[in-house]
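Asks: Going down the list, the protein sequences come from chains C and U. Residue 1 is where the first sequence starts when you use my numbering, and the numbers rise one by one after that. Residue 1 is where the second sequence starts when you use my numbering, and the numbers rise one by one after that.
These are computed hints drawn from the structure, not numbers from a lab. Any given hint could be a false lead.
Unchecked claim - Within a straight-line C-alpha distance of at most 20 Å, the following computed EDC-like cross-link-like pairs (lysine to aspartate or glutamate) qualify:
id : chain 1 : residue 1 : chain 2 : residue 2
1  : C       : Lys25     : C       : Glu90
2  : C       : Lys500    : C       : Asp266
3  : C       : Lys370    : C       : Asp443
4  : C       : Lys370    : U       : Glu49
5  : C       : Lys219    : C       : Asp165
6  : U       : Lys104    : U       : Glu49
7  : C       : Lys219    : C       : Asp146
8  : C       : Lys441    : U       : Glu49
9  : U       : Lys104    : U       : Glu44
10 : C       : Lys370    : C       : Asp165
11 : C       : Lys370    : U       : Asp82
12 : C       : Lys219    : U       : Glu49
13 : U       : Lys104    : U       : Asp82
14 : C       : Lys370    : C       : Glu90
15 : C       : Lys500    : C       : Asp290
16 : C       : Lys213    : U       : Glu44
17 : C       : Lys108    : C       : Asp156
18 : C       : Lys436    : U       : Glu55
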Amino acid sequence: MSDCHDCHVNSAIAPPPPVRSLARKTVALVGPPNSGKSTLFNVLTGLRQKVANFPGVTVEHRTGFLRLENGREVDLVDLPGVYSLDPRSEDERITRDALSGGIEGIRKPDAILLILDSTNLGRHLMLAAPVLGLGIPTMVILNMADDLHKRGGSVDTQQLASQLDAPVVLISAAKRQGIETIRNYLEGQFAVPRPVELPIFQDVPRCRQWSAKLGLRAKYRAPAPPVWTRRLDRVFLHPVAGPFVFLAVVILVFQTIFSGARPLMDGVESLVSHSGAWVANQLPDVWWRDLLTEGVWGGVGSVLVFLPQILLLFLFIGLLEDSGYLARAALIADRTMARVGLQGKSFIPLLSAYACAVPAIMATRTIENKRDRIATILIAPFMTCSARLPVYTLIIAAFLPDHPILGRFLGTQAAAMLGLYVLGFAAAVLTARLLKSSILKSDRTPFVLEMPPYRWPTWRFLGLRLLDRAYVFLRRAGTVILGVAIALWIMAHLPLKEGKAPPIEESVAGTLGRVVEPAIRPLGFNWKIGIGLLTSLAAREVIVGTLGTIYGIEGDAGNGEASKGLQRALQHDLTPAGGLALLVFFAFAMQCMSTIAVVRRETGGWKWPAVQFTYMTVMAYVSAFAAFHLF
Amino acid sequence: MASRDLTGGDFHRHTESVLQLSFSRKHCPPDRKHATLAELRNGEQAVLETLDLPEDNARRLMELGFLPGHVVSAAHSAPSGDPRVFRVDGSEVALRRETARHLKIRVAD
Ligand SMILES: Nc1nc2c(ncn2[C@@H]2O[C@H](COP(=O)(O)OP(=O)(O)OP(=O)(O)O)[C@@H](O)[C@H]2O)c(=O)[nH]1
Ligand SMILES: [Mg+2]
Numbered sequence: 001m002s003d004c005h006d007c008h009v010n011s012a013i014a015p016p017p018p019v020r021s022l023a024r025k026t027v028a029l030v031g032p033p034n035s036g037k038s039t040l041f042n043v044l045t046g047l048r049q050k051v052a053n054f055p056g057v058t059v060e061h062r063t064g065f066l067r068l069e070n071g072r073e074v075d076l077v078d079l080p081g082v083y084s085l086d087p088r089s090e091d092e093r094i095t096r097d098a099l100s101g102g103i104e105g106i107r108k109p110d111a112i113l114l115i116l117d118s119t120n121l122g123r124h125l126m127l128a129a130p131v132l133g134l135g136i137p138t139m140v141i142l143n144m145a146d147d148l149h150k151r152g153g154s155v156d157t158q159q160l161a162s163q164l165d166a167p168v169v170l171i172s173a174a175k176r177q178g179i180e181t182i183r184n185y186l187e188g189q190f191a192v193p194r195p196v197e198l199p200i201f202q203d204v205p206r207c208r209q210w211s212a213k214l215g216l217r218a219k220y221r222a223p224a225p226p227v228w229t230r231r232l233d234r235v236f237l238h239p240v241a242g243p244f245v246f247l248a249v250v251i252l253v254f255q256t257i258f259s260g261a262r263p264l265m266d267g268v269e270s271l272v273s274h275s276g277a278w279v280a281n282q283l284p285d286v287w288w289r290d291l292l293t294e295g296v297w298g299g300v301g302s303v304l305v306f307l308p309q310i311l312l313l314f315l316f317i318g319l320l321e322d323s324g325y326l327a328r329a330a331l332i333a334d335r336t337m338a339r340v341g342l343q344g345k346s347f348i349p350l351l352s353a354y355a356c357a358v359p360a361i362m363a364t365r366t367i368e369n370k371r372d373r374i375a376t377i378l379i380a381p382f383m384t385c386s387a388r389l390p391v392y393t394l395i396i397a398a399f400l401p402d403h404p405i406l407g408r409f410l411g412t413q414a415a416a417m418l419g420l421y422v423l424g425f426a427a428a429v430l431t432a433r434l435l436k437s438s439i440l441k442s443d444r445t446p447f448v449l450e451m452p453p454y455r456w457p458t459w460r461f462l463g464l465r466l467l468d469r470a471y472v473f474l475r476r477a478g479t480v481i482l483g484v485a486i487a488l489w490i491m492a493h494l495p496l497k498e499g500k501a502p503p504i505e506e507s508v509a510g511t512l513g514r515v516v517e518p519a520i521r522p523l524g525f526n527w528k529i530g531i532g533l534l535t536s537l538a539a540r541e542v543i544v545g546t547l548g549t550i551y552g553i554e555g556d557a558g559n560g561e562a563s564k565g566l567q568r569a570l571q572h573d574l575t576p577a578g579g580l581a582l583l584v585f586f587a588f589a590m591q592c593m594s595t596i597a598v599v600r601r602e603t604g605g606w607k608w609p610a611v612q613f614t615y616m617t618v619m620a621y622v623s624a625f626a627a628f629h630l631f
Numbered sequence: 001m002a003s004r005d006l007t008g009g010d011f012h013r014h015t016e017s018v019l020q021l022s023f024s025r026k027h028c029p030p031d032r033k034h035a036t037l038a039e040l041r042n043g044e045q046a047v048l049e050t051l052d053l054p055e056d057n058a059r060r061l062m063e064l065g066f067l068p069g070h071v072v073s074a075a076h077s078a079p080s081g082d083p084r085v086f087r088v089d090g091s092e093v094a095l096r097r098e099t100a101r102h103l104k105i106r107v108a109d
C-alpha cells in the first residue's frame, strides 16, 4: 500500500493547470540539498511535497500552482537540490535541464527562487555564482533564520542585496516567517540581476573566495556549532553505544508495530465485523447481500484491519527521516554496503524501501554511478515493504504463539517479524554482492554524505503525511482490493448450476486455483493459496483480502472476528512448514505491478525488470521449496 | 591507473603502515610527506593541502567545502572507524577512508 506509485497522492490535491495565460509565470526553486526548498514550496502552494532532514529527498521536478493577491498566476517548480550546475547524478541533471527549459511540460523559468541555508552561508553562497550567471531574474532567499538567530549568527541582507544586485530575504520556511516578502516579489516585475562581480563558475576555489568576500561585506556572522547535534552524535555515533542504540531503536519499532498496534487493530476489526453484521441484517436475502458481506466485508475488511499497523510504521520512518538520524544510520551501515560493493548512499533508498519500493527506486537517482544505481534498483524490492506487513502479520499470528523473549521488550512474534526483515535485507545484500562482482562491476565513486544537524520533526507535516498515507491505503482498499474481491466473489459463484452457485472448488476461481495447484503443491500450498498467489500479483496484500473472501464464502470466517477466523482457516489449510514457506515466498517474490513499472521507467527498458522478476520469482520458489521440506 | 584507483592498492597499504607508526606517539605531527585526512582521529585538526583525486570527484568534494587551505577537523566515525565524519566549512561530511587518504593535509597548530 504505502506510497507506491500513489506516492504522488499530492497530485490528486493539486489543482489541474487551467488555460495558460500570457501573464502566467514559471518560477523555479533552486538551492543546495536540504536547504528547505520543498518546505517553502509547500508553504507557498499548500501542497504536500515530501520534506525530510537529509540531502537528496526531492529527486523529481514537481509543479505547484499559486495565485497571488494581484491575480498573477505562478507555476512554482520544486527541484532536486544541487551543489553546482554541472550535474553528477540523475536528480541534479533534472535541475539543470529544468533551468534551461529542457524538460517537457515545464517552461524555461521566468524567475528563480534561490534557497540557501543561512546557517551555512559561506558554502551555500557559492551556488549563487552560477545561478546568477544564468541571466534569469532571481531572488536570493536565506532560509533557517530561526536556527541562525538561535545560534547567535547574523547577516546584513541589504548589503548582500546590493552586492548581488538581487533581492535578498532572510526567512524561516518551517516557521512561516518572511513568506510575505516572497509573495510580494512574485507579484512584482522581475529584473535580471547584474552582480558587482562574478567568479568563473568552474573554478570552485575562486567561487568560494567570492562567497567569502560577499559574506564579509554582508557582515555575515556564522552561527555557533549546533550544540545538541554534537551531544546527540556523541551517543548515536559512539563506537559502543551507537550500534546498541541502533539495535534498541529497531527492536522498539518492531515490538510497537507488532503488539502496540494490537488494540487499534482490534478496534478496527470489531468495527468491520459489527458493520458487516449490521449490513447483513438490514438487507433482504438476495445474492448481492452475500456479495457485500462475503466479498466486500470479508475481502476489504480483512485488509483494513492493518491500517493502524501501517500508519505506525510510517510514523517511525517519518521520525527517523525528519530528525536527521537516517544519515547516521547510513553511516553506520556503510561498512556492510562497502563489503557488497555498494556505497553508503545506496542505503538511504534501501531504507525508504521499507515503506515502499517505488519511491525507493526513484530515490536511487541520487547515486552518481550508473551501475551502482542499477544494482540498488534491482535489490530494493527485497527490502520488506509495508505491503508485506499484513501478510507477515497474519501468517505469523496464525502459526506462532507469542511468548516473551526479552521480557516485555520483545516477543516471539515480533522477533519472527524482525527475522523476516533481516531475511529480506540479507537477500538484498547477497544479490548486490553477486551483481557487483559480475555484470555490474564498476570503479567506485567516493562516498560523500552530508550529515544534517538534528532537528525536531515538524509535527504538522508528519501528521499530514500520515493522513496522506491513510488516504492512499484506503483508496487502494477501495479500488484494487475491492475490485479483486468483487471479481473473485463472482468467479467463485460461476458457472451457475441449475440456478445455484457451484461448490467453490468447481467454480471458475476454484478451477484457476486448481490449475496452478500442481506447480505450488511442492511448496505446501493448496489451490486456495494458489488463488491468493494469483491475485497477489496485483499487489502483495491482496492475498489477505482474497483469503478473506474465499473463507467468507466457505463460511469459516463468518462468526465474529474476521482475522481470528482467517487465522483459524489458515491453520486448516497450511501446515506450519507451509506457513513458513509462504512467508519465505512473500519475502522474495516480486509481486508488485507498480514496482515493475517504475523499474522499467527508471532503467529505460524491459531488460532489467524482466531480469529482476525472473530472478526474484525463481529465488522465491526455490527458497519456499527448501523451507517447506527442510522444516 | 592503479594509483588512481580509489579503493587503493599496495601503495596505500604502505602509506597506512607508515602513518600508524607516526601516530603511535601522540602530539607528534604525522610524517609530512605522507599525511592524509585518513589519519586524523576524532578531535584532531589539519589544514587541507591538495586533493589527489580525479578532477570530477575533487570538484564534488570542493563544493562540499574540502578546499585547499581550509581547516578540517575529524569527528565521529562509524563503529568500525570507517567512514568518518569531518567538519569542514560549517558542515559535517562523511567520507570513507579510501577517499580520505587521497586528501593531503598539513597539521594545524
Ligand atoms: N529550523 C528550520 N528548519 C527548516 C526550515 N526550513 C526547512 N527546514 C528543515 O530542513 C529540512 C530540509 O527541508 P526540505 O524542504 O526537505 O529541503 P530541500 O531543500 O527540499 O531538500 P532536498 O529535496 O533534499 O534538496 C527539513 O527537516 C525541514 O524541516 C527553517 O526555516 N528552519
Ligand atoms: Mg526537496
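Asks: Does Asp443 of chain C sit within 20 Å of Lys370 of chain C, going by the straight-line distance between their CA atoms?
Replies: 11 Å, holds
Asks: Between the alpha carbons of Lys370 of chain C and Glu49 of chain U, is the straight-line distance 20 Å or under?
Replies: 31 Å, violated
Asks: With the threshold set at 20 Å, check whether the alpha-carbon distance from Lys436 of chain C to Glu55 of chain U stays at or below it.
Replies: Distance ~25 Å between Lys436 of chain C and Glu55 of chain U Cα, so the pair is violated.
Asks: Next pair to validate is Lys25 of chain C with Glu90 of chain C; report whether the Cα-Cα distance is within 20 Å.
Replies: Distance of about 26 Å is beyond 20 Å: violated.
Asks: For Lys219 of chain C and Asp146 of chain C, compute the direct alpha-carbon distance and say whether it is at most 20 Å.
Replies: At roughly 18 Å apart (the allowed maximum being 20 Å), Asp146 of chain C and Lys219 of chain C satisfy the hint.
Asks: Holds or violated: are the alpha carbons of Lys219 of chain C and Asp165 of chain C at most 20 Å from each other?
Replies: Status holds; Cα separation ~17 Å.
Asks: Just to be careful, I want the Cα atoms of Lys441 of chain C and Glu49 of chain U compared with a cutoff of 20 Å; is the pair within it?
Replies: Given pair Lys441 of chain C, Glu49 of chain U is violated - Cα atoms ~32 Å apart, limit 20 Å.
Asks: For a C-alpha distance cap of 20 Å, please report whether Lys500 of chain C and Asp290 of chain C respect it.
Replies: Measuring from Cα to Cα gives roughly 13 Å; hence the hint holds.
Asks: Run the distance test for Lys104 of chain U versus Glu49 of chain U: straight-line Cα separation, threshold 20 Å.
Replies: At roughly 5 Å apart (the allowed maximum being 20 Å), Glu49 of chain U and Lys104 of chain U satisfy the hint.
Asks: With a cut-off of 20 Å on the C-alpha distance, tell me whether Lys370 of chain C and Asp165 of chain C pass.
Replies: Judged against 20 Å, a Cα distance of about 40 Å means the pair is violated.
Asks: Lys104 of chain U and Asp82 of chain U were given as a pair; does the straight-line alpha-carbon distance stay at or below 20 Å?
Replies: 18 Å, holds
Asks: Lys370 of chain C and Glu90 of chain C: Cα distance at most 20 Å?
Replies: Holds. Lys370 of chain C to Glu90 of chain C sits at ~9 Å (cutoff 20 Å).
Hint compliance for this structure: hints 1, 2, 4, 8, 10, 11, 12, 16, 17 and 18 are broken, all remaining hints hold.
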